[in-house]
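J.: Both chains are given apart, each in its own frame, so use the hints to dock them into the complex.
Going down the list, the sequences are from chains A and B.
Position one of the first sequence corresponds to residue 593 (our numbering), numbered consecutively onward.
Position one of the second sequence corresponds to residue 592 (our numbering), numbered consecutively onward.
Incorrect hints may have been included.
[As the list claims (entries may be wrong)] 27 Å max Cα-Cα, derived DSS-like pairs, lysine-lysine: (1) B:K672 with A:K725; (2) A:K743 with B:K805; (3) A:K725 with A:K743; (4) B:K846 with A:K725; (5) B:K672 with B:K805.
Because the hints were derived from the structure by calculation, they are not lab data.
Note that the structure is predicted; figures quoted are calculated from it, not measured.
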Amino acid sequence: MSDAATRRPNGLALFILPSALLFALFFLLPIGLMALMSVLTGNPVVAPKVAFTTRHYARMFDDPYYLEVIWTTIRIGLVTTLVALAIGYPLAHWMARIRSRTGHALLLMAVLAPMLTGIVVRTFAWMTLLSDKGVINQTLISLGIISQPLKLMYTETGIVVGLVHIYVPFMVLTLTGVIGRIDERLEQAAENLGASPLRAFIEVTLPLSLPGILAGSLLVFALAISAYVTPILLGGFQIMTLPILIYQQISANFNVGFAAALGIILLMISLLLVIAYNHALGLVSGQRELQ
Amino acid sequence: MGPSHSPSLVSDQEAALRLATAPMRAIAGRRCYGRYLYLAVNISILTFLLAPIAVVVVFALNPTPFIQFPPVGVSLRWFEKFFASRDFMHALGFSLEIALLTTVSATMLGASAALALARGNLPGTRLIVATMLSPLMLPAILTGLALFQTYVLLDVGRPTWGLVAGHTLVTLPYVVRTTLAVLHNFDTRLEEAAQNLGASPLRTFFEVTLPLIKPGVLAGAIFAFIVSFDQFPVSLFLVSPGNETLPVTLFNYLKFDLDGTIGAASVVSIVLAFLVVVGLDRTVGLRSYVKL
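Next up, chain B with everything else stripped away, as it sits in the complex (with noise of 0.2 Å):
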């Protein structure tokens, strides 16, 4: 029937032959009901994993002020109390802001550490590397009671900075851990062949380092602006009052009222979402860079 097994080892090329007429050869066989067993399971879980961002779009559209299934009718009513809402407004200029002055800082801080941790020669680079990975694997909570007790003891109230403090901590590591993966990937020889053709050291940096390590600075970059934008517990502990980021509004709003304004504002922030990873895939291709 199908192709016969070669006893040595086989290429890619001809395992992907073999896999792909594998159901024709199983046809009668177990083989195919595990593979739509297979199908069946993942299929599932893809349904668990986006029905109740689906479930949010249609309560956006959704005209009564209460949840109601199925849907009555179709109105832009909750987007328009959301983008007239000036406290919603001002949430996510304020959640804007701190993400871009913190993707700024992040990226600059992560991407020059990372190339230190590479190229310096730094003793104790494993230490090194495991603190500034740290906030990722330590409750973010703690980042936020910890910057908090510190503000009250120093007595310097609530500032943005300080928001911003906190916000770059927990995105650096993102920027280092790709800019890092980008700097291990990388021929030594590209600057010692630029070197030795008589450019400076300078020069080598900005015309063969650079470019060579953009795209995971990037993609820390942008990591860096999603987790910013999304953070919680940290902003929960650092905002002031009457200057909230959108997540802390959301949340704040989600407790005493459940209409459609969430829906609508979870729409604005999917659609967010969604530009960014499309931009992420256009701009430096996800599948080499999404490593968590």
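Bound conformation, chain A alone (with noise of 0.2 Å):
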């Protein structure tokens, strides 16, 4: 079914109507019309006059305030994304790799366990953990290590560990998919020739991967950018990402087209690294692959 182009459709293709339908009303629809709403001055359905307008851009840009925030939710989606990628990896090189089954299918668990156990969960996790009077801290101090304790919720840092906790199985399945189709063979004749296995690795291993590398990272960046929960809970509103700011305006403001702005810049951001993601992986592996 390789060149489907040349034949003509056939009675299947009638199945895709119904999923084609709910993308079209519930998915496309509502995108076009939250950047039609990005640049009107109300909604139309209840103002009587409702003009186009780019106010609600400029404010965004006019104010470092709102430059200051998209650039928080970035700069949380990188560090998140790069020790999630420094963690996930050895995991996933360890599943890839492992022979016994039962072995296997322990790490599995180990990876999904977490997956499934849910944000809000995962987050309430971590703040009985980070807070002042949290695990990591009362531990220390009965072990008279500090004396105060150490400000650990609150902070980016707080945001991304939870962050990276909540992510790193994505990064991890993504890996080890690729890692498992690498020939094994390659790294034992890189060895055999007389590489030491951490150069067998960096020079064989590492550069297959990389289309992986790539898959996850887009994931995971796109997971921790649009994060509401866990930079909320482990920020305490004190750090503002996008996400929140989106969800402020529509909650506590009613601005609804300011928000469609917001959202919008935040789709701008998601695409962009899906065109370079693309760009990227057709770089590496030369083709691109239908998921």
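T.: So this is what it looks like as structure tokens:
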């Protein structure tokens, strides 16, 4: 079925219609409406006079506060992605290379269990660990290592730790699939030719796993910049990110137009990323996979 | 010492054997330290992943109403409070209802879409697949915001079907992906054989195609259920007050209280998640279908 373009659509093609309708009505239309709302002065349904305006975007780009929020969101996303990659890679490598079936099943369970535990629950777990009277501070104080609790919560570091924990399974699962497909004999050949295991890894395995690194990083970054629960609970409203700001505009200010403009910015960041990803993947593998 | 390295490509079995004997060969070399370092790093990572979950369990069983470490005893009072709470129970029921409705709609729509994409000879397949998978890559909070604005503009309020539609949108990609994966590995000659032996296209579909793609559809359905049950950003915008899903209720509770009830709720959802994973592994086998 590789060259479907040369053949005519058959009866099975009709099965696409229900989901195409769902996407048109509940995805493409709403995103289009959001773009429209971001350049209107008000809600066209209730307000009698509505005009086009660029004031929502002007407000965002004129006020350093909003630029700072956008930058904080991207910064948290980048740091989270890098740490998740550093933590996820060794585990993914182990999972892809482990021989015993039981060992593999246990590792998979260990990776999936946190993933299935729920974002709110895991954020709660990190609150119990990081707060001033949390497990880490109480343990360190009782051991006499510190006298004053360390400020772990309500900091950007705290948010990153929580986000890494929540999204590292996505990184591991993406990487495991790619590393598992690399022929192990290539590494062995490098070692037989005199390379140390580390050098064999750096010169053989790592370059071959680049597509997985890119895919996992894209996924984690996209998830991290759209996180809401973790930055709000671990940041204690003191660190503002785009998703928090967007929801605040809706729930507290009822400023639908400005929320839409912020949403469009978030959309643009994500789209730019996907384009950059596809470009990078094209450079790395020379071909694009139909996932 | 160990087996000699054959110059030709070795079979997997031989490679396995060599790997198994590697620690013996390298017992005095730095290879051994490297192996220990590798294991130590990985075990620390596993600890990082699992410790927070263990801590939640400890707090759920801790009798004091504030965080105390080390714990002073064991009690089930938070579980009693959780199961006795009308708000939590209503939220749990509502979440299950939404997750079930979402699973049914996402599975039916996603599996038929995958079938059309793999077999329908549709033009622009690549673009359609990219669009259908895009809710995975785009921030879910955008889907929530865009739907919220649409419902406001259309003045439909915050209906349950609106929430289910939002959840279906973000879970459908999983079903499409798992079903497409099975369809792409599918030997189409099996269907041709059935038809050559006289089976009608309909009979071929029900007796050959459907049983063979079932594992992929089932895996997608389980993913859809899990993702919907834990869905937060879309729900945040689309739930109506008094009719909230469990994650939203937990989040609102967490903003003001930090007692063991959340721990108990967490343990309940961890147990649910664990059962789902074990069930998934038993029924369809995780190894081949957990590929993000």
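J.: With reference to the structure, classify each hint as holding or not holding.
T.: Structure-based check of each hint:
At roughly 23 Å between alpha-carbon atoms, B:K672 and A:K725 fall within 27 Å of each other, so this suggested pair holds. Distance hint between A:K743 and B:K805 is unfulfilled; the C-alpha atoms sit about 51 Å from each other, more than 27 Å. With a C-alpha separation of about 10 Å, the suggested pair A:K725 and A:K743 falls inside the 27 Å cut-off, and the hint holds. Taking the CA atoms of B:K846 and A:K725, the gap is about 17 Å. The hint holds against a cut of 27 Å.
As the CA atoms of B:K672 and B:K805 are separated by approximately 41 Å, the hinted pair breaks the 27 Å bound.
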